[in-house]
Amino acid sequence: MALIAIIDDDPDILEASGLVLKSKGYDVVTANNPNDGYRIIIEKAPQLIILDVMMDEPDDGFFLAQKLRRENISTPILMYTSISKTVGLDYDKGEMIPVDDFVEKPISPEQLVAKVQKLLLKK
Amino acid sequence: MLENKPNILIVDDEKGLRLGTQRLLEEEGYEVTTAENGYEGITLGTACDFDIAIIDMKMPDIDGLDVLGAIKKVFPNTICIVATAFASYDTAIEATRLGAFSYIPKPFTPDELIYQLKLAHQQRTLLLEAEKLKKEREAQMLEIANEKSRLNTIIKSINDGVLVFNREGKVVYFNSSALKYLNLTEIKIGDNIPDEFPPQISKLLNKYISSEEFIGKTYTTQIEVLPNGELFVEAACSPIKNPDKTLAGVVVVIRNITELKKVELIKSQFVSMVAHELKTPMAAVQGFLNIMLDSQIPLPYEKQQEYLSRSVIRLRSLLDLVNDLLDISRMELKTKQREIVEIDMSEAVKSTLLILELDLQKKGVAVIEQFDEKLPPIKADINEITRVITNILSNAIKYNKDKGTITVTLSSVQNYLVMKVADTGIGMKPEEKTNLFQEFFRAKNEKTRNISGTGLGLTIVKRIIESYNGKIEVESEYGKGTLFTILFPINI
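Just so you know, the protein sequences line up as chains E and L, in that order. Residues 1 to 123 (the working numbering) make up the first sequence, in order. Residues 1001 to 1492 (the working numbering) make up the second sequence, in order.
Please keep in mind that the hints were generated in silico from the structure rather than gathered at the bench. Yeah, the Cβ is synthetic: ideal placement off N, Cα and C, and Gly gets one too. Treat the hints with caution; some may be incorrect.
Label pairs and their computed distance ranges (CB to CB) [as the list claims (entries may be wrong)]:
no., chain 1, residue 1, chain 2, residue 2, range
1, E, D60, L, K1241, 55 to 63 Å
2, E, A45, L, K1350, 58 to 66 Å
3, E, K22, L, T1434, 35 to 43 Å
One side only, chain E facing chain L, incomplete, derived with CB under 7 Å [claimed, not checked]:
no., residue
4, D10
5, D12
6, A31
Taking the hints into account, I'd like the entire structure generated from these sequences.
Listed below in structure tokens is the structure:
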């Protein structure tokens, strides 16, 4: 089964999402900041990256996604955020952000798994 | 008898004639003044607006024609009758040229005189009537002119832009604010709707103009005149109605709403941040609950307990956040009921420390109190002051090192009560310090990762302090500790 990297600064989200994906038979690696995230992507070469947007870090999720694409790492990225599209920051998939799909938190395990399967198949 | 006694001036050097005429005219109901020479005639005749003056031509001092000229110059409506024994064609012409009404040869009979006076009086009445009408008309014209210029001045002074179009869509009026708010350099009166006009306004104008039926409604539209929110205006278009209920034109009022839009943006960004902050803990709790509900994920009892207690912690932080938000919202609405009392700050600090005792023990943090004696009391709401002290002290605990210390100093300096809270904690980087009082800002680094907070604590502190005209300052050294200084005015 595929290896999925989850990068999120919320340890609870990391744990819950990780468990859901593991229960579906995926292998999971996690990181709670963009630097460690970048490192596990390089070292473990996952087939899919689940990346949180707002990590309150100076180099946030967007930054990491751009950095990966610049380095020609084309692993599909599922961007994960709890910002609602309806307020303030409007963005949509592909809009300046080199990601493959976009989901809003909270997301149900079924939705998460469905998105992951779809992105892995696309590849 | 005559209604309004006409005022008659008789200028004649012949005493008998003067007095005789006076008696005669007074009997006829005239009011008579007499002058016995030319000089007196001029003095009297130019001092008072007589209805009629009877002037003798030949007087030893001043010639009758000169008297006539002098009176006419000052009172052109005084009717002058020239009387003379030496009637000549030349003097008659000269007298008429100077404005004499008639010419009466001496000696004259009473009837002749009375007849002449009646005609003169009629003329006088006509002249006065005409003069009155003229004055009235002039006054009215002046009023209209004043009204027009006043209206013009008013419209020009209005801060909002005003533009008027006639029913053909031609510009008939605009003020300078209209140019400014539409970012146009010029509009010409009589021009059609200019091409560089915002299409939103042109569209509305055409709607009124092209409609068969009269549209009575006012339409408004918001336009971003300059990009990046530099100039935002709201244009309100209203129809101008003819008395026969057809369209006379359209008036467009343009209001600058740039500041309003900025506030809206800040508000929407704040809502967006709040939504994010609320959703994050909810997502975590939902994640745990979903796992526990999922029969495909077997979880040992201890794991379930762990997830439940982690969920409870997240929910508690969510509740803290909601409470903080409510506090901020109340502060903004100023609906918060304040009860201003005298507060002894040393007591307030001590009682807050008691509440935080457990947190202090957990971290092994010691508190050093350095309170000046005889501190003046401050006047404030005790709940707000407790909130300030709690937020500052709990930060000093949370961001302290294990077994660190907190030094609380209270003193009075000039008109301020000064509270200093110094910790021996992780400190801040300069860039973190600048964002410290921003909503939801939390210094994120490897040292703060496991410290929970809403990101609103210091925002609330700052708002409370500033609402009492106080000040809050911060000094910090990364890795060494942070010092908060709060200055609270004493005389309020």
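Quick one: which hint numbers does this structure break? Sort them smallest to largest. 6
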